[in-house]
Amino acid sequence: MAEKLKIGIYWAASCGGCEIGILEIGDKLLDLIEVADLVFCPCILDFKYDDVRAMPDGYIDVCLFNGGIRNSENQEIAELLREKSKVMVAYGSCASEGGIPALGNLFSTDDLLKRAYTTETTDNPVGIIPGPGHSVEEGELHLPTVHDRVRRLSDVIDVDYFMPGCPPTEIQTWAVIQAVASGNLPPKGSKVGVGDKSVCDECDRERRGVKIKKFFRPHEIIAEDGWCLLEQGILCLGSATRSGCEARCIDANMPCRGCYGAAGESKDQGAAMLSAVGSMLAADSIEKAEEIVKSMVDPAGTTYRFGMAESMLVRHFPERGQG
Amino acid sequence: MASFEPRIVAFLCNWCSYTGADLAGTSRKKYNANVVAIRVMCSGRVDPEFVFRAFEKGADGVLICGCHPGDCHYIDGNHKTAGRYPMVRNMLEQFGIDPKRFRLEWVSASEGDRYAQVVNETIETVRALGPLEWPKRLNESDTASPA
Amino acid sequence: MSKPRVGVFVCHCGSNIGSIVDVPAVAAFATGLDNVVYAQEHKYMCSDPGQEMIRDAIKEHQLNRVVVASCSPLMHEPTFRKTCDEAGLNGYLFQMANLREQVSWVTEDKAAATEKAKVVVRAAVQRVADHTELHTTTKPCTPATLVIGGGVAGIEAALQLASSDTKVHLVEREPSIGGAMAKFDKTFPTLDCAACILTPKMVQAYTHPNITVHAYSEVVDLSGYVGNFQAKIHHKASYVNNEKCTGCGACLQKCPVKRVPHEWEQNLMNRRAIYTPFAQAVPNKPVIDAQHCTMLLKGKCGICAKVCEAGAIEYDQAPEGTYETIDIGNVIVATGMKTFDPTPMKALGYGRIPDVYTALEFERMCHASGPTEGHVVKKTNGVLTHGGAAPKAVALVHCVGSRDKNYNEHCSRVCCMYSLKYAHLIKEHVPGCEVYDFYIDMRCAGKGYEEFYNRLLREDVRFIRGKVAEVNNWAIYPEEEGRLVVRVEDTLVGTTRRIPVDMVVLATGLEPAEGAKALAQTLHMSCSNDGFYLERHPKLAPVSTATEGIFVAGCCQSPKDIPDSVAQGAAAAAQAIAMIKRGTVEIEPTTAHVLEELCSGCQICIPLCPYDAISRDEERRLAVIEPAKCKGCGTCVGACPSSALQQWGFDDKQIYAEIDGILANA
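Residue numbers (the working numbering), protein chains in the order written: chain A, 3 to 325; chain B, 14 to 160; chain C, -16 to 649.
Hints are not guaranteed to be accurate.
As the list claims (entries may be wrong) - Derived lysine to aspartate or glutamate pairs resembling EDC-like cross-links, with alpha carbons at most 20 Å apart:
1. Lys166/C with Asp310/C
2. Lys149/B with Glu321/A
3. Lys269/A with Asp324/C
4. Lys213/A with Asp89/B
These are computed hints drawn from the structure, not numbers from a lab.
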């Protein structure tokens, strides 16, 4: 019998959704278990880092690493797993492009920690902000240090394949697992589990060539069925987002949020979206455009919702003399 | 700050603003050497990505010039430029980049004077803002300051 | 693709570039750039030896990319593209660096200019490495020309075109062709009767088998591309069937609505609701003014139809008129001008004090078929008729609305001459009348013009150098009672003066015609700051525009006299004929194209194209671009969120390279 594939699944700065995404392959799990062993998966099985350190290099056939690199532990384990894995897959949007945690890159870490630990939703009368080290009578306690920004997995280690999605759909997950199992893999560095086009290719809504007069957040209007959401003023990122997800969100009447990353050859998802949307306004002057854009809430957060870690623009902090 | 010479990239449309810029030259209007122009056929060709890339590569300011609305050689290419402009400006502001570094102006083929004036104004505005220090983005593991 | 081998050629342009930019340093700098295998400087790169040098270098050094750092691409890009083609290198593997108009001519500091020149060259070198071979497309040229405007320039153009057997469509928005010149009495300096020299040409144009005159019509849309335009003409409703109308004039005499101010006569006379603008109108077919015709307004009357033996009156014509689309290869715009309305210049009293006239009003007064049958007389009870009293003194005021920062800065070129003409006509019509000519300068630059001025000097005209400050009717001295007073500083004498006169003629300047701006937008033409149409080059290309296939002639381009208008009409015709004789046009290849493997059919690009060049292939769910319709603006390319659209010659890679090249050592 052929040796079973050894699979590792690790979560860095993530939400756990990717593990669920993998489980979503459903009864195909039984097929998976026939051909593969899970040799490291802290989410559902009890493994320690020392177990990984004890593995020979390249021991893991394929590691599905999800989550972004937020702190020193994430980086350390990423580097460790790189040594121990033959094929490293940046699984999910966070590992591929930064994901939701990377939205924090618009703020300084100081601001993030203060917001999490000392504002209205946190009961912290003494105002303690966690730090990397603390002395107790038993000795020194250490926590991983929080980095100044969230980075992609590929920013810290060499990544073989990228699988965007929040999470990747189970169809794509199964397809990639099959590809790995059969050895039929595309060139190193490719995006896998994705389509060739943008989400518009998979979307059934019709375009009417209508210009946008105002933007709406999804809860502000009831979108008309069958008609392109973007033309109705709802910021759907589908045209600037890679296909492969069957446009499930749009089918559920929610605008595409861009989790599959930039489409085509575009280098920056946010810029791509602004290119398109800016061209669709019912404006023939800067003044009219400004009026319409007033209703566009948080362009950076919306268009870089998943790809902030790979945006061309970097946050400048005026208090550090930048900007 | 007295020695800071801003680097500004300008995107000029062939029919109006590039011609207007040439007219500034023919009329021997003077402006500082900080602005280098890239010619495109229409200001509508200017993708926001060009603007981001220019800043990323070291520009302290970016200027786009197009035809006045209504006069676009291609009818309404400049309307699209106008549409993209406030969005790009807001985006820059969210990233902490002073939006005054990015400017869109309408300059017609016969406005050589105006081109020189716009250029000089832009240079001084950006000069007052200082150089755009671009933070390093990769392999940086600055730690958060302790509580 | 083989590695780029770039040749850089830096031009001194005499001292235009060389005296500010250190050209040898720039050439040396270029040698050190990636991909540059050869760099050379020359005094005049566009000269034959200069071009020879480029051709030789291409062959000798196997150059596959060329950068010429000299003047603006708007000046010489076609020149150097041709140079490359002649040396066997595709002309689009070439980029110009503008070191003159945008570096040496605008930068004071030589060191800064040289540094900027280096940056510009570096950007061009980096960009050209990404250029690909491109080829123009040859398309047939429709052998027909549209002439917009039936004044003397338009008529001349039409006649020249027609004599070359080119089909001409002459569109005129008034009921008759003839333009401004038809309103003149005599023309300077020969004092030819305007109608006598113009009407034969008008008739010739109207009857020429190659010319179709569309009178009382306007061009409302122009689509297509050079050599293959479609123009939409709006034929206004005249309520007269021109095929049936014999021009007998019976309707003109019987129409009971008699008191409509006659615009053509400068509102100094009345016309009827059915009218022709003037007796020698061509076509000599009346039109009904729907704003004043009782039949069209109230459904009563119908007298003109009753007296029309030819049955040519058609009250049931669609009030919005009809539309016609024609195919043409090129367009000549000869829409003329309007004269300045001096009402805002309150100090001159126009519209407030009787007997202060504009130039065109006075022109009509002198004309035998005008309001006074050619008599120069004052108004009687506010009305101008031939029985009025003759003036004893007339003032001619130069530069009204011209050379004036408050109104128009330009000089209108013809006013000095026509003021001299009026001086002569007044002396002729009213023997013994004093004529005071108030001038700032006397501009008599044409053939026979200075001689005409000398003649007037001997005709006892009083020339006073001074800008008239005020015209009023407040008498202070006895000799001013009941008369007008001109107040002026007589600069040659050095004192202010009050000069009593009975009539003042204001030399009103020339401005862009009514609707000029709207027509420019329809045709996608540019206007200069003064509102006249922008020529391609003020010295070397005065009758062509930046838009291929569209030419201008006459006063619509800038104020000028009749000889120059005629010359420009002929010049524009020559250019149009050249294109048609060649039979083909070359279409620039810098169009947009779709990278099908990246296009997901999102359809964002389709409504963006003003020329409908993009459509959707439903089966393949892709965008498709029709290159013939694409004008290469690149707006769709800038909008595509997948970067699936690119523009030949201006694609993302090339522009990134240029950006990077500018900022390389930032």
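Here is how each hint holds up against the structure:
{"no.": "1", "hint": "Lys166/C with Asp310/C", "in the structure": "violated, 32 Å"}
{"no.": "2", "hint": "Lys149/B with Glu321/A", "in the structure": "holds, 16 Å"}
{"no.": "3", "hint": "Lys269/A with Asp324/C", "in the structure": "violated, 58 Å"}
{"no.": "4", "hint": "Lys213/A with Asp89/B", "in the structure": "holds, 14 Å"}
Hints 1 and 3, counting from the list given before, are not met by this structure.
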